[in-house]
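Got chain A sorted already, so can you dock chain B onto it with the hints?
Residue strings, one per chain:
There are 2 protein chains.
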Amino acid sequence: MQRHFDRDIEDLKDLLLRMGAMVEDSISQSIRALLERDTALAEEVIGNDNRIDQMELEIDRRTLELIAKMQPAAVDLRFVAAIMKITPELERIADLAQDVCERVIELNREPPLKPMQAIPRLAQDAQTMVRQALDAFVRGDAVLARRVIQQDDNVDQQTEQSFRELLTYMLEDPRNISRAIRLTFIGKYFERIADGATNICEMVVYLVEGKMIKHAGVAPDA
Amino acid sequence: MQRHFDRDIEDLKDLLLRMGAMVEDSISQSIRALLERDTALAEEVIGNDNRIDQMELEIDRRTLELIAKMQPAAVDLRFVAAIMKITPELERIADLAQDVCERVIELNREPPLKPMQAIPRLAQDAQTMVRQALDAFVRGDAVLARRVIQQDDNVDQQTEQSFRELLTYMLEDPRNISRAIRLTFIGKYFERIADGATNICEMVVYLVEGKMIKHAGVAPDA
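Chains as they are written, first to last, in my numbering: chain A, 1 to 222; chain B, 1 to 222.
Extracted from the complex, chain A is given alone in its bound form (with noise of 0.2 Å):
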């Protein structure tokens, strides 16, 4: 029974990370979409939404088969907790990505506002932080997870930073403005995926260590 069902869980640790894969593509993709100004990627990371929304749906179903069949005690049903918290983590950070590429594709449509500063150093972090995320799960690792979860202030110093550089342009000229307004919802979105990625550090420390930081402030440093 036991076997059957630590088998049960790396099938189930399987998908998740080819949930996070495709998760981490479609954020890398909507960045090269946003710098390169590529209407036809930022379209292609749309319509490859439904994939993950589908795998979304086969990990809960999934996980929900597992706690009928099996009954989870201690580390094991910690997994099933942190397997049900962080899926829809993923998806909607695959869903932030896909509104990167829907502001993108408007922002098309004009011409280049500036050479942008501070959104795509805060996009870069935001991507790091959750490849990071994923890697502190796959390993098991709680000091990962919460190096990850103290990069979140800069991300939201960052944010604050591409706003006032925006605020800025659209006080300098107002046909800035609707392009400055939608790069501002850019800059929203790439910190809200930064908060996913907290999220999913802070159910890899419950995972590891059976301590809910979430709600409690980052504890230091075993």
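Read the hints as simulated data drawn from the structure, not as lab findings.
Quick look at which bits of chain A chain B covers, simulated, 3 or more residues with Cβ under 8 Å:
#1 46 to 59
#2 84 to 91
#3 171 to 184
#4 206 to 215
Computed list of chain B residues with no C-beta within reach of chain A, every gap over 10 Å:
#5 E24
#6 R62
#7 R131
#8 R139
#9 D152
All C-beta atoms in this analysis are idealised placements derived from N, C-alpha and C, irrespective of residue type, glycine included.
For chain B alone, coordinates are given in the frame of chain A:
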């Protein structure tokens, strides 16, 4: 055993409804703080958010306990899954009400922008959707849940309309820009509150009918 389980399910349901009532209060107070420019009330909502966060943790803890103690199957398993999905949605909605209040506090440091048209309507509609979503959950009413889901498009349109209204103000006078952006964010927060209500309703349909309508479009009323 089943009787004990039923009592645990009822307790969990009560807890979720208490959390729901707290979240509804946060939304209505955030709307009042916005319309009446009430900074003290906005600060109160922000201060109360911690109680809602703690409630989420408590519900999570008790749901996992219930899975470990019992081996839920069929409708009970669906109930457990629904609770595990609805709780974080409620917590996110409360966070969004808190975000509204943060922007309200910033707005109240400056003179009012203009009498607003679109945002108050949008806010009321989002609030109604959350109340109805919780009603649908209490009553196990999938018809009501589907009706709420259909309102989401309407809220999205109202959000678009509020953006256009605010863009006009920005183009009229650059001194309006930073306030109009804050209001644009507030519009977006209420749109996401409505999205949260939609997600809750999808889980109500799943709970009642065993059908996962998320990512599948809304099926017609049976």
